[in-house]
Amino acid sequence: MWLARENNISEISSIYNSKEMSKHQLDHLEQLESEAIHIMREVAGQFEKPALLFSGGKDSITLVHLALKAFRPGKFPFPLVHIDTGHNFQEALDFRDELAEKLGEKLIVRNVADTIKQQNLAEPKGKFASRNALQTFTLLDTINEFKFDACIGGARRDEEKARAKERIFSVRDEFGQWDPKLQRPELWNTYNGRIHKGENVRVFPISNWTELDIWNYIRRENIDLPSIYFAHDREVLEHEGQLVAMSEFIQREDTDKISTRRVRYRTVGDMTCTAAVESTASNIDDIIKEIIATKTSERGETRIDDRVSEAAMEDRKKSGYF
Amino acid sequence: MDILRFITAGSVDDGKSTLIGRLLYDSKSIMIDQLEAIEKQTKNREDGDIDLALLTDGLRAEREQGITIDVAYKYFSTPKRKFIIADAPGHIQYTRNMVTGASNANLIIILIDARHGVIEQTRRHSIIASLLNIPHVVVAINKMDMVDYSQDTYNNIVIDFAEVATSLGLKDVTYIPISALNGDNIVGRSQNFSWYEGLPLLDLLENVEVQQDSDLAHARFPVQYVIRPQTDVLHDYRGYAGKLISGIYKKGDKVTVLPSGLQSTIKSIEIGGKEIEEAFAPQSIVLHLEDNIDVSRGDVIVSSNDLPKLEKELEVLVCWMGNKPLAEGNRYLLQINSRLVKTIVTEIQYKLDVNSLEKQYSPGTVQLNDIVRATIKTASPVPYDSYSKLSVNGGAILIDETSNVTVGACMIQ
Numbered sequence: 001m002w003l004a005r006e007n008n009i010s011e012i013s014s015i016y017n018s019k020e021m022s023k024h025q026l027d028h029l030e031q032l033e034s035e036a037i038h039i040m041r042e043v044a045g046q047f048e049k050p051a052l053l054f055s056g057g058k059d060s061i062t063l064v065h066l067a068l069k070a071f072r073p074g075k076f077p078f079p080l081v082h083i084d085t086g087h088n089f090q091e092a093l094d095f096r097d098e099l100a101e102k103l104g105e106k107l108i109v110r111n112v113a114d115t116i117k118q119q120n121l122a123e124p125k126g127k128f129a130s131r132n133a134l135q136t137f138t139l140l141d142t143i144n145e146f147k148f149d150a151c152i153g154g155a156r157r158d159e160e161k162a163r164a165k166e167r168i169f170s171v172r173d174e175f176g177q178w179d180p181k182l183q184r185p186e187l188w189n190t191y192n193g194r195i196h197k198g199e200n201v202r203v204f205p206i207s208n209w210t211e212l213d214i215w216n217y218i219r220r221e222n223i224d225l226p227s228i229y230f231a232h233d234r235e236v237l238e239h240e241g242q243l244v245a246m247s248e249f250i251q252r253e254d255t256d257k258i259s260t261r262r263v264r265y266r267t268v269g270d271m272t273c274t275a276a277v278e279s280t281a282s283n284i285d286d287i288i289k290e291i292i293a294t295k296t297s298e299r300g301e302t303r304i305d306d307r308v309s310e311a312a313m314e315d316r317k318k319s320g321y322f
Numbered sequence: 001m002d003i004l005r006f007i008t009a010g011s012v013d014d015g016k017s018t019l020i021g022r023l024l025y026d027s028k029s030i031m032i033d034q035l036e037a038i039e040k041q042t043k044n045r046e047d048g049d050i051d052l053a054l055l056t057d058g059l060r061a062e063r064e065q066g067i068t069i070d071v072a073y074k075y076f077s078t079p080k081r082k083f084i085i086a087d088a089p090g091h092i093q094y095t096r097n098m099v100t101g102a103s104n105a106n107l108i109i110i111l112i113d114a115r116h117g118v119i120e121q122t123r124r125h126s127i128i129a130s131l132l133n134i135p136h137v138v139v140a141i142n143k144m145d146m147v148d149y150s151q152d153t154y155n156n157i158v159i160d161f162a163e164v165a166t167s168l169g170l171k172d173v174t175y176i177p178i179s180a181l182n183g184d185n186i187v188g189r190s191q192n193f194s195w196y197e198g199l200p201l202l203d204l205l206e207n208v209e210v211q212q213d214s215d216l217a218h219a220r221f222p223v224q225y226v227i228r229p230q231t232d233v234l235h236d237y238r239g240y241a242g243k244l245i246s247g248i249y250k251k252g253d254k255v256t257v258l259p260s261g262l263q264s265t266i267k268s269i270e271i272g273g274k275e276i277e278e279a280f281a282p283q284s285i286v287l288h289l290e291d292n293i294d295v296s297r298g299d300v301i302v303s304s305n306d307l308p309k310l311e312k313e314l315e316v317l318v319c320w321m322g323n324k325p326l327a328e329g330n331r332y333l334l335q336i337n338s339r340l341v342k343t344i345v346t347e348i349q350y351k352l353d354v355n356s357l358e359k360q361y362s363p364g365t366v367q368l369n370d371i372v373r374a375t376i377k378t379a380s381p382v383p384y385d386s387y388s389k390l391s392v393n394g395g396a397i398l399i400d401e402t403s404n405v406t407v408g409a410c411m412i413q
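Going down the list, the sequences are from chains A and B.
Start counting the first sequence at 1; every next residue gets the next number (the numbering used here).
Start counting the second sequence at 1; every next residue gets the next number (the numbering used here).
Among the hints, erroneous ones may be present.
Said to hold, decoys possible - Example chain B residues on the side facing chain A (calculated, C-beta under 8 Å, incomplete):
| id | residue |
| --- | --- |
| 1 | Ser103 |
| 2 | Glu163 |
| 3 | Gln211 |
Unchecked claim - Here are the in silico distance ranges between beta carbons for each label pair:
| id | chain 1 | residue 1 | chain 2 | residue 2 | range |
| --- | --- | --- | --- | --- | --- |
| 4 | B | Asn156 | A | His239 | 56 to 62 Å |
| 5 | A | Asn144 | B | Ile293 | 36 to 42 Å |
| 6 | A | Glu48 | B | Ser403 | 18 to 24 Å |
| 7 | A | Gly104 | B | Ala327 | 49 to 55 Å |
| 8 | A | Lys181 | B | Tyr350 | 27 to 33 Å |
| 9 | A | Arg220 | B | Asp294 | 36 to 42 Å |
| 10 | B | Asn156 | A | Thr296 | 42 to 48 Å |
| 11 | A | Glu48 | B | Lys80 | 42 to 48 Å |
| 12 | A | Asp97 | B | Glu328 | 54 to 60 Å |
| 13 | B | Ala162 | A | Glu48 | 50 to 56 Å |
| 14 | B | Leu307 | A | Leu103 | 18 to 24 Å |
What the hints contain is simulated information worked out from the structure, not anything from laboratory work.
Because the structure is a prediction, the values reported are computed rather than measured.
Cβ atoms here follow ideal geometry from the backbone N, Cα and C, with glycine treated the same way.
Just chain A, with the same shape it has in the complex (with noise of 0.2 Å):
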């Protein structure tokens, strides 16, 4: 029985890999690709008043991407939008206002420096204090401010154990809030979008890929990136083998072990939350080499935020949080 199973395998296998099978294959870049493409435009399909939440980051920018080749030669059905901390690096906002100028596309900016004022909020305190929490406020105002029933984020499964369980499209309620136990049933590639008045539903398309998938993809496109996920020369400070880049956010101490190193950025959020990670790599391949090398996963390496407790990242879902 074994061995023929094992015949049959090898006799698939030499027909698979013949080139006239893989005619009509997609490989899976382009699996994941068409899959995405599939989900923004159930997005335009069910929806009103879709957003795009753009950060900057690569991510996003992979978002944006996907929408050019779901949508062109036509407009995006959705702005794109971003909630800004204002403690965001200053090369992934001109990045920001670059590509969306280039694109013709809508941006709409949101700052939590006017939320925090408005709505009398508590500046966050310490070393690294990040307005990482505070985005969600500001968040729900915009949603509200537009009323915007469905929002594009670049989540991602892989990233973290709370994200591995959400569905494709998450809906939340009016306070934004996810719940992981009424999570509706997804089945096959039928996506339910119907929300009652106020609730809106957060919508990954790029649930399924990976960091390396995301690199590749990059790779392969030819997308432009801010140059701070290439290597450069920083003044970082050290913190619990962190490297954080020194800003006016962070408050200096006499203690603190400040030097240049040749840095790179492996994700791209708040100066305050980020760390960095020494690297030499310059262009895409050597990115991708590295990453394949390393032994430390994404957020793991890179978020402070994270960090917190073993909940983190479900407790900020469950408030409101991208």
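Model the placement of chain B on the given structure of chain A, informed by the hints.
Same frame as chain A, but now just chain B:
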């Protein structure tokens, strides 16, 4: 490199999460920081070994209770293939979550505890595999270390399962003895199975042929969105955006738009703004037709030589996922690909006992996780193929119009 999507079915005690942890660990897909995190949590355990199951239980409630409640998706790849694992709960009360995970799977791994053999749960998981028409089944007989790697024990379980497989008409079933805990027969051959001549699990997963799982014979194109730039330069541009769910389309092919029945010819096909001669499933494309006819979201453009069925009355197997019971006369929305129609359940013929496969005629109420055969009537005709023939155009969901929740999965017969 291509993609294999698979689901693992089994209860906590069958070692399902351990198996996934083992696949990720042995294929070197677990990063140091993730390992450190679970080591921290396992510090208090007596045996000192790390608990690989902690890698997959992502929610606090799951870690607290030590059970899997909802599907978690995990990713790893080898030079040959990218793998997407749907780690689904095995408990009967979470059947709907398992069905969610199973609906996109090319392959299912059904775990059997070698000490217990084929049990009720094994039957239920096999029935779901059969209902959803999962093309490949791997029966992993686990905990072989606890039965002294006995070939007899293994053979007896194979014989028992073969009966189940035959009665359900499961296709392409492969059996494999493993110990997920010790890593026997997972990524490499194990000395403990000198009598087993098949491939270790990972080799098997790398070599299962998935290309033929996508149907290239019947061209079906559900329209998702119409691209109309309406600019001066592109004044007449009208492109139908969607995914070719099955089949192949070429320029010049004769097509029919359903449900209207209007006919036309493919004028051009685009992918990412570039014109191509031929498109195939599952590519996302833009279609242009020769004639200016009425086509909108929810319509299906099919090959005129090969029409699907077009009916207002459908025979369906329903996996009920709602908290409120299903009853004759209930009204819902039916969504099949991009098409949404009002529907009414006119008759419930029988309920399928998911443990014995017996049909229970004229069942009273239908509760969460029940599987029933029903007749439904739709407000307008639905173009479909039978699920067993072409699942991509035969699976539909039922939506409760008042709560907007997805309450049923329909396999159209």
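Cβ separation of Asn156/B and Thr296/A, checked against the hinted range 42 to 48 Å: holds, 46 Å
Ala327/B and Gly104/A - C-beta distance against the hinted 49 to 55 Å: holds, 53 Å
Hint check for Glu328/B and Asp97/A - Cβ pair distance inside 54 to 60 Å: holds, 59 Å
Chain A contact restraint for Glu163/B - C-beta distance below 8 Å: violated, 15 Å
Asn156/B paired with His239/A, Cβ distance criterion 56 to 62 Å: holds, 59 Å
C-beta pair Arg220/A, Asp294/B: status relative to the range 36 to 42 Å that was hinted: Holds: the Cβ-Cβ distance is about 38 Å, inside 36 to 42 Å.
Cut-off 8 Å, beta-carbon criterion: hint that Ser103/B touches chain A: holds, 4 Å
Pairwise beta carbon distance, Ala162/B to Glu48/A, judged against the given window 50 to 56 Å: holds, 53 Å
Range hint 42 to 48 Å (beta carbons of Glu48/A and Lys80/B) holds or violated: Roughly 44 Å apart at Cβ, these two residues keep to the hinted range, so it holds.
Per-residue hint verdict: Gln211/B, partner chain A, C-beta under 8 Å: This hint holds: Gln211/B lies near chain A, its Cβ roughly 6 Å from the closest one there, short of 8 Å.
Verdict for Glu48/A, Ser403/B (Cβ pair) under range 18 to 24 Å: holds, 20 Å
Beta-carbon spacing of Leu307/B to Leu103/A - inside the hinted bounds 18 to 24 Å or not: violated, 41 Å
Checked against the numbered hints given earlier, this structure breaks hints 2 and 14; the rest are met.
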